[in-house]
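Can you build the whole structure from these sequences, using the hints too?
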Amino acid sequence: MFLSKIWFILVALFAGVSLSIALTAPRPMVQKLEELEGQRLDRAEYATEQMLKVDAHKWIDRVARLGRDAVLAEALDSASRGSGELGVQHRTVQVRIQALLPDLAGAGIATIVAVDANGRVVARVGGDDDKSFGENIGGAELIDDALRGFLSDDVWGAGGRLLRVAGAPVLSKSRDRIVGALYVGAETGAQFAERLKKNLDVDIALLLKGKVIASTIPAEVLSGLPDMVEQHRQDIDNLKRTPALPIDVGKETYLAVAAPFPGQASLQKAYYVLIGKKPAHADMGSLLASTSARDLKWGSFPWIPLLVTILGIIAVGLFLQRFEVDGPMQRIRAELRALVRLDGAKLDDHKYGGGFGGIARDVNAALEHVSIAMSGAHPLGNHPPGDAPPPGSAFAGGESHFAQAPRAAAGPPLIPGLGAPPPPAFAPPSDEPAPVTAPAQPAFGAAGAPSEQDEDAHIREVYEQFLATKKECGEPTTGLTLDKFSQRLHDNRAALMAKHDCRTVRFTVYVKEGKASLRATPIK
Amino acid sequence: MTTMTSLRTLVPLLLLALPLPALAGTVKGTVRVPDAVRSGRMNQGYWRLENGNVPVRPSAKKLGTVVVLDGISGTHPPPPKTVTVEIAGLSATPRFVVIGPGSVVEFKNTGKITHELSVPADETLMPVERLNPGTFRHQKFGVPGGYLVRCSEYPSLAISVIVVDSPYYAVADDKGAFSIPGVPDGKANLKVWAGGRWAHQESIETNGKDLSIRIESAKSANQPEAKDTEGMGTGKEGDSEGKESDPKGSAE
Numbered sequence: 001m002f003l004s005k006i007w008f009i010l011v012a013l014f015a016g017v018s019l020s021i022a023l024t025a026p027r028p029m030v031q032k033l034e035e036l037e038g039q040r041l042d043r044a045e046y047a048t049e050q051m052l053k054v055d056a057h058k059w060i061d062r063v064a065r066l067g068r069d070a071v072l073a074e075a076l077d078s079a080s081r082g083s084g085e086l087g088v089q090h091r092t093v094q095v096r097i098q099a100l101l102p103d104l105a106g107a108g109i110a111t112i113v114a115v116d117a118n119g120r121v122v123a124r125v126g127g128d129d130d131k132s133f134g135e136n137i138g139g140a141e142l143i144d145d146a147l148r149g150f151l152s153d154d155v156w157g158a159g160g161r162l163l164r165v166a167g168a169p170v171l172s173k174s175r176d177r178i179v180g181a182l183y184v185g186a187e188t189g190a191q192f193a194e195r196l197k198k199n200l201d202v203d204i205a206l207l208l209k210g211k212v213i214a215s216t217i218p219a220e221v222l223s224g225l226p227d228m229v230e231q232h233r234q235d236i237d238n239l240k241r242t243p244a245l246p247i248d249v250g251k252e253t254y255l256a257v258a259a260p261f262p263g264q265a266s267l268q269k270a271y272y273v274l275i276g277k278k279p280a281h282a283d284m285g286s287l288l289a290s291t292s293a294r295d296l297k298w299g300s301f302p303w304i305p306l307l308v309t310i311l312g313i314i315a316v317g318l319f320l321q322r323f324e325v326d327g328p329m330q331r332i333r334a335e336l337r338a339l340v341r342l343d344g345a346k347l348d349d350h351k352y353g354g355g356f357g358g359i360a361r362d363v364n365a366a367l368e369h370v371s372i373a374m375s376g377a378h379p380l381g382n383h384p385p386g387d388a389p390p391p392g393s394a395f396a397g398g399e400s401h402f403a404q405a406p407r408a409a410a411g412p413p414l415i416p417g418l419g420a421p422p423p424p425a426f427a428p429p430s431d432e433p434a435p436v437t438a439p440a441q442p443a444f445g446a447a448g449a450p451s452e453q454d455e456d457a458h459i460r461e462v463y464e465q466f467l468a469t470k471k472e473c474g475e476p477t478t479g480l481t482l483d484k485f486s487q488r489l490h491d492n493r494a495a496l497m498a499k500h501d502c503r504t505v506r507f508t509v510y511v512k513e514g515k516a517s518l519r520a521t522p523i524k
Numbered sequence: 001m002t003t004m005t006s007l008r009t010l011v012p013l014l015l016l017a018l019p020l021p022a023l024a025g026t027v028k029g030t031v032r033v034p035d036a037v038r039s040g041r042m043n044q045g046y047w048r049l050e051n052g053n054v055p056v057r058p059s060a061k062k063l064g065t066v067v068v069l070d071g072i073s074g075t076h077p078p079p080p081k082t083v084t085v086e087i088a089g090l091s092a093t094p095r096f097v098v099i100g101p102g103s104v105v106e107f108k109n110t111g112k113i114t115h116e117l118s119v120p121a122d123e124t125l126m127p128v129e130r131l132n133p134g135t136f137r138h139q140k141f142g143v144p145g146g147y148l149v150r151c152s153e154y155p156s157l158a159i160s161v162i163v164v165d166s167p168y169y170a171v172a173d174d175k176g177a178f179s180i181p182g183v184p185d186g187k188a189n190l191k192v193w194a195g196g197r198w199a200h201q202e203s204i205e206t207n208g209k210d211l212s213i214r215i216e217s218a219k220s221a222n223q224p225e226a227k228d229t230e231g232m233g234t235g236k237e238g239d240s241e242g243k244e245s246d247p248k249g250s251a252e
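Sequences listed follow chains C and E, in order.
In case it helps, my numbering puts the first sequence at residues 1 to 524.
In case it helps, my numbering puts the second sequence at residues 1 to 252.
There's no promise every hint is true.
As the list claims (entries may be wrong) - If you anchor each label on the Cβ, the simulated ranges turn out as follows:
1. C:248 / E:71: 48 to 54 angstroms
2. C:134 / E:56: 25 to 31 angstroms
3. E:93 / C:231: 35 to 41 angstroms
Keep in mind that the hints were calculated from the coordinates and are not lab data.
Built from N, CA and C at the ideal position, the CB exists for glycine as well.
Encoded structure:
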């Protein structure tokens, strides 16, 4: 079975290598997909940045146009000089702005604020506090810039909200001095996130002061996002964005690219985070889960090579099985049947190799032993050809080709002082010394013990055979009297009967290493 | 006569025998602050354009650049005092203070806007606390160093508190010129506070003579702390361009 074992090892190796390839091969693909998703997020980040720039420029243009309005200029000039009532100027400016921009929401604007040249709020339009005015907001960089003559934008984070703002100076009617400033603000929250998601096909989260203030994914599952972004502050400072970072959102894994908002909100940990789904894991479960029926169609899957390979492996295995197992087994069965028909004395164990050779030799040894054990009452050779084996013999039982030998044939104990211990009943024949002769078995009753006369006769017979064998072997026989011999065998028999709980003990004379020896066999 | 002659001989000898006082000189120079600080806009958005009709006015804000010489042996820090910073709307006056260790700064909100002041870099020293209109907050600064107090809601509102343990410091003028007179000779550590952070630091040797230093600092407070000294260079040369500034200027 050597080849079968080699084949089994080869098949196992082949299966192992195939499984390793199957599990490893998708990983580079998943890495590539991750890389592509990261690039997609990078492009989305670039697009977002451009969108923010365009929005800022659009609002700067709008507020600059408003800043050239003569009515606004006159009212703010008046407020800056401190002439007239601020309440009147407040209403004038508010009404004028509402007239110029009747649909703030349509323009994507949340609020417009007009300040005089001293930075004092004259009027607000839009928002919840459009009735308040008079406070000084000079000092805000955007307002100071506008009052100096700059048109600029900024991002503010106050009250847990992000506001993108754009400011411009209001010039006097003669266009020779600055009389105030205007700024517009656009709420940057859920609506902005939805707009980005719609345009860029990525999820968005907006962070401010370490909290998620708006997102297209439920904010509660993004609780770890602010900390994760903050850990990459160095990347953000250097590159103005993070690399694609894996984040766990519930049971899903996503990739996220975070970038800071510009302006003073950058001091308030204000970021927008673009989130894309990470490709599925490459483990076996995920692979099978993502397999569809289309993948198993004839055109998509190499069914024929796979079937040919499997059939080839099976064919080689079956051939080796036939060559090394089934063939020898059939031959040995045929020989055993021949033995049952008394068409031969033993198996030809030279024909068989490996395990079957060993079995053949064991069977031969068993046959030999049984033949010895049964030589008295039921000598194997006395059966006429074609007779069925006697009940209880090694060959009883019809279909059983390897029936266990009778218990009586089991390894007999050594008779101390009279010979070496005999080998086990089914020991290989090479170790088994050939028996010189087998004394006749006593004809016991079914359950009765042999009579004393039978025992004496048996011992006498054994004594004679032992004496003769010793002479044949050239051993001295001086002092070996029947009385001594009989006494010793009686003692041994008694000890063995007590030990093995048997009816009697039969002794056999045999030659071992050129000397006469005795073997004791307990009879149950 | 004999006595007078003896005195005439003895006095110069005594004068020679007395230990000579340490020589003192003036350290002066110019500081070129980061562009963002000079522009008056520390945190820019995407766009900043001139209006095209009216010339842009210079920023009304002072730069708040302070040059400090410390590590001079035998000097005493300025005595502790209480300085009031008034916050009206979104602006603070003064925007920076230079005080001795143990001094107290009183932040007084006289405007209509609620602020939340803290030292973001050291919130254990000054944690975020609400400062409602009409209220004030006292904060003691015991350890020498530079502290930027900022409003977390309106971060453009920032107050520099520079605690010095040496009387040798000066506030640079609008052109960046500074002058520190009476500096004893020896080694000193020159530090420049600009744009809300220590923008430059170097060891100098004063030898009783006047020393002119040109410091160029290209970084602002919003740039990474880890790269403090990157991009900064100094050049020591004669510089008579800068005006002398107030060496005692403790507040703008």
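### Query
Looking back at the numbered hints, which does the structure fail to meet, lowest number first?
Hint check: nothing fails, all pass.
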